[in-house]
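J.: Once you have looked at the hints, place chain S on chain V.
Here the protein sequences line up with chains V and S, keeping their order. Going by my numbering, the first sequence runs without a break in its numbering and finishes at 310. Going by my numbering, the second sequence runs without a break in its numbering and finishes at 1145.
These aren't lab readings, by the way, just hints derived from the structure by calculation. All C-beta atoms, glycine included, are put in the ideal place defined by N, C-alpha and C. Please note that the accuracy of each hint is not assured.
[Said to hold, decoys possible] Below, computed lysine-lysine pairings styled on DSSO-like, alpha-carbon distance capped at 30 Å:
id, chain 1, residue 1, chain 2, residue 2
1, S, Lys1032, S, Lys1139
2, S, Lys1123, V, Lys264
3, S, Lys1032, V, Lys264
4, S, Lys1047, S, Lys1131
5, V, Lys293, S, Lys1088
6, S, Lys1123, V, Lys275
7, V, Lys264, S, Lys1139
8, S, Lys1127, V, Lys293
9, S, Lys1035, S, Lys1122
10, S, Lys1115, S, Lys1042
11, V, Lys293, S, Lys1042
12, V, Lys264, S, Lys1131
13, S, Lys1122, V, Lys275
14, S, Lys1115, V, Lys264
15, V, Lys264, S, Lys1091
16, S, Lys1115, V, Lys275
17, V, Lys201, V, Lys153
18, S, Lys1139, V, Lys275
19, S, Lys1122, S, Lys1042
20, V, Lys240, V, Lys120
21, V, Lys264, V, Lys201
22, S, Lys1042, S, Lys1139
23, S, Lys1032, S, Lys1123
24, S, Lys1047, S, Lys1091
25, V, Lys293, S, Lys1122
26, S, Lys1131, V, Lys275
27, S, Lys1042, V, Lys264
28, V, Lys293, S, Lys1123
29, S, Lys1131, S, Lys1115
30, S, Lys1122, V, Lys264
31, S, Lys1088, S, Lys1042
32, S, Lys1035, S, Lys1088
33, S, Lys1047, V, Lys293
34, S, Lys1035, V, Lys264
35, S, Lys1127, S, Lys1047
[Unchecked claim] To spell it out: a stretch of chain S is covered by chain V in this simulated footprint if at least three of its residues, at any positions, have a beta carbon under 8 Å from a beta carbon of chain V; those stretches are:
id, stretch
36, 1050 to 1059
37, 1082 to 1095
[Said to hold, decoys possible] Output of the computed footprint for chain S on chain V, the stretches with three or more beta carbons under 8 Å from beta carbons of chain S:
id, stretch
38, 52 to 61
39, 76 to 84
40, 212 to 221
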Amino acid sequence: MKRTSAFLRLSALAVCLILIISQLGSCFEPEKPSAGNGPSVDEGELPDHSGGAAYVAVNGNIPYFEADDIVYESYEYYSELDGLGRCGVAVACIGTDIMPTEDREGSLTVTPSGWEYKGKSNNNTYSFVDGGFIYNRCHLIGYQLTGENSNEKNLITGTRYLNMKGMLPFENLVKAFVVDTEMHVMYRVTPIFEGNDYVAKGVLMEGYSVEDDGEGICFCIFAYNIQPGVIIDYYTGENKADPEYNEGSEETVSAVYVLNISTKKYHLPTCTYAKSMSSDNRFNYTGEPEDFKTLYPDYLPCGSCNPDQK
Amino acid sequence: MNIVMCVGDSGEMLFNGRRVSRDEVACGDILKQLKGERLYIKPYSQKLFAPFEGNANLPTVCEDPLGTASDGEWCFIEDEDIMPYFDKIEKLLIYNWNLNYPYDMRLDLDYVRGKLRLSEMKKLVGKAHDKITRELYRKDYRSKI
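Bound-form chain V, shown alone:
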């Protein structure tokens, strides 16, 4: 009888413990914020890519946040992957309290949807792509904003062009505002997939500064997941060079001369001394060579690269 009673007491205790632990566990589950439902945008309204733009304003640059979505406390939320392993909406109220205090370390090992197809990597290299590789593991919410790094719910297969020309400028915009003003910015990034594609066509990015009702930050844009010169199969992620691509069509302005404002010598951009010059002394002159002589008559040509003889 005593044994049975002790067994019952132990069993009851165990059940209680299990219940307490399960309750505690649910407390740590991130609660889905209202903004986590995503923007109420009709994907058909998103403009197709034309010209060389990396992004385009959508909805008159007014984000789709509802009044209930706007909060004054920092948080971050990342959607669960869908049945095809694809990311969904990522949303955050960015504040200085959730920004990283250290530089990002370590390489990313997550394999986002579309990164591989049938066991073969899609990350081809092209001579005309900055850094060579067409794809980056693109953070939906950039590391500089929330410090979220190797999280599969925050990483998509994005082109180098999307990462650097489409998304990074907006992350820079938000970060500088938050750090300088110590206000909050509602920030939501929604990858847009067509049908069962494994690679997103682009991302819808929304930003809205909280304490000043959007006076400082207010944008709603669609950034294209494209790479000039490359044709992408968005279903598989496979890609190949566009035979009609003209490499010179990209907007690039290179220095005519590189000046060393310390030594007062000028160099060709290809000169060894120009390449090794400290950024504290380096200045890129981008005007006409004949105007250079008028503006900088006291500068001497480098004896190594002989810029006047080219």
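T.: Relative to chain V, chain S alone:
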């Protein structure tokens, strides 16, 4: 006329009618650099200098700095194309954020660098930027660094 501007690495000024970036350190440095000289700003820029209230060298607020400033006076320009006034510029002080931002208005930095002489360049550590470059351009090439 002298002009001071804060721009991104490609000359970015505005996106969707808003400045692309800001930094209290740059504003403090502007007041320090232009100490004793008249600086005009638009009402839109007033908030940037609010942390420096009490500073004896606060800017003068007016609707049209470029149309108001006389020779030797400064204008802080955030939301206006300065090219129509380019021939009148004696000095152009640029704070470069060294980062790229989205833009729908920008300063043609390549044009500036081809037409004015860089006479001073200094790196600053900002509040919101790791590196801000202060670049002073002058029309007169004989001016000393």
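J.: Hint by hint, note whether the structure agrees.
T.: Here is what the structure says about each hint:
A C-alpha spacing of about 22 Å is found between S:Lys1032 and S:Lys1139, which places the hinted pair at or below 30 Å, so the restraint holds. A C-alpha spacing of about 18 Å is found between S:Lys1123 and V:Lys264, which places the hinted pair at or below 30 Å, so the restraint holds. For the hint linking S:Lys1032 to V:Lys264, the alpha-carbon distance of about 27 Å falls within 30 Å, and the restraint holds. Taking the CA atoms of S:Lys1047 and S:Lys1131, the gap is about 22 Å. The hint holds against a cut of 30 Å.
For the hint linking V:Lys293 to S:Lys1088, the alpha-carbon distance of about 22 Å falls within 30 Å, and the restraint holds. The hinted pair formed by S:Lys1123 and V:Lys275 meets the criterion: a straight-line CA distance of about 19 Å does not exceed 30 Å. Under the criterion of a C-alpha separation no larger than 30 Å, the hint pairing V:Lys264 with S:Lys1139 is consistent with the structure, at around 18 Å. Proximity of S:Lys1127 to V:Lys293 is assessed by CA-CA distance (about 38 Å); at most 30 Å being required, the pair is judged violated.
A threshold of 30 Å between alpha carbons decides the hint, and for S:Lys1035 with S:Lys1122 the separation of about 18 Å falls inside it, so the pair holds. Taken as a hint, the S:Lys1115 and S:Lys1042 pair is honoured in the structure, with Cα atoms around 26 Å apart against an allowance of 30 Å. For the suggested pair V:Lys293 and S:Lys1042, the alpha carbons sit about 37 Å apart, so the restraint of at most 30 Å is broken. Only pairs whose Cα atoms come within 30 Å are accepted, and V:Lys264 paired with S:Lys1131 is accepted, the gap being roughly 23 Å.
Note on S:Lys1122 and V:Lys275: the hinted pairing holds, with a Cα-Cα distance of about 20 Å set against a maximum of 30 Å. Taking the CA atoms of S:Lys1115 and V:Lys264, the gap is near 18 Å; set against the 30 Å cutoff, the hint holds. For the hint pairing V:Lys264 with S:Lys1091, the CA-to-CA distance comes to about 21 Å; that is within 30 Å, so the pair holds. For the suggested pair S:Lys1115 and V:Lys275, the alpha carbons sit about 24 Å apart, so the restraint of at most 30 Å is met.
A threshold of 30 Å between alpha carbons decides the hint, and for V:Lys201 with V:Lys153 the separation of about 17 Å falls inside it, so the pair holds. In summary, the hint linking S:Lys1139 to V:Lys275 is supported, as the alpha carbons are separated by about 28 Å, within the 30 Å threshold. Only pairs whose Cα atoms come within 30 Å are accepted, and S:Lys1122 paired with S:Lys1042 is accepted, the gap being roughly 26 Å. Distance hint between V:Lys240 and V:Lys120 is fulfilled; the C-alpha atoms sit about 14 Å from each other, no more than 30 Å.
About 49 Å separates the Cα atoms of V:Lys264 and V:Lys201, which puts this hinted pair outside 30 Å; it is violated. With a C-alpha separation of about 25 Å, the suggested pairing of S:Lys1042 with S:Lys1139 holds against the 30 Å cut-off. As the CA atoms of S:Lys1032 and S:Lys1123 are separated by approximately 15 Å, the hinted pair is consistent with the 30 Å bound. Taking the CA atoms of S:Lys1047 and S:Lys1091, the gap is about 25 Å. The hint holds against a cut of 30 Å.
With a CA separation close to 24 Å, the supplied pair V:Lys293 and S:Lys1122 stays within the 30 Å bound. Distance restraint check for S:Lys1131 and V:Lys275: the Cα-Cα separation of roughly 20 Å lies within the 30 Å cut-off, and the hinted pair is therefore satisfied. About 38 Å separates the Cα atoms of S:Lys1042 and V:Lys264, which puts this hinted pair outside 30 Å; it is violated. Note on V:Lys293 and S:Lys1123: the hinted pairing holds, with a Cα-Cα distance of about 26 Å set against a maximum of 30 Å.
Proposed proximity of S:Lys1131 and S:Lys1115 is supported: the alpha carbons are some 25 Å apart, at most 30 Å. For the suggested pair S:Lys1122 and V:Lys264, the alpha carbons sit about 16 Å apart, so the restraint of at most 30 Å is met. For a cut-off of 30 Å, the pair hint linking S:Lys1088 to S:Lys1042 stands: about 19 Å separates their Cα positions. Taking the CA atoms of S:Lys1035 and S:Lys1088, the gap is about 22 Å. The hint holds against a cut of 30 Å.
Between S:Lys1047 and V:Lys293 the CA atoms are separated by roughly 42 Å; this puts the pair beyond 30 Å, and the hint is violated. With a C-alpha separation of about 29 Å, the suggested pairing of S:Lys1035 with V:Lys264 holds against the 30 Å cut-off. At most 30 Å may separate the alpha-carbon atoms for a hinted pair to count; S:Lys1127 and S:Lys1047 meet this at roughly 16 Å. By the rule of at least three residues with a Cβ nearer than 8 Å to a Cβ of chain V, the coverage given for the stretch 1050 to 1059 of chain S is violated, with 0 such residues.
Evaluation of the coverage hint for the stretch 1082 to 1095 of chain S: breached, as 0 residues show C-beta separations to chain V shorter than 8 Å, against a requirement of three. For the stretch 52 to 61 of chain V, the stated coverage by chain S holds: 3 residues have a C-beta nearer than 8 Å to a C-beta of that chain, and at least 3 were required. Look at the stretch 76 to 84 of chain V against chain S: 0 of its residues bring a Cβ nearer than 8 Å to a Cβ of that chain, fewer than three, so the hint is violated. With 6 residues having a Cβ less than 8 Å from any Cβ of chain S, the stretch 212 to 221 of chain V passes the three-residue criterion, so the hint holds.
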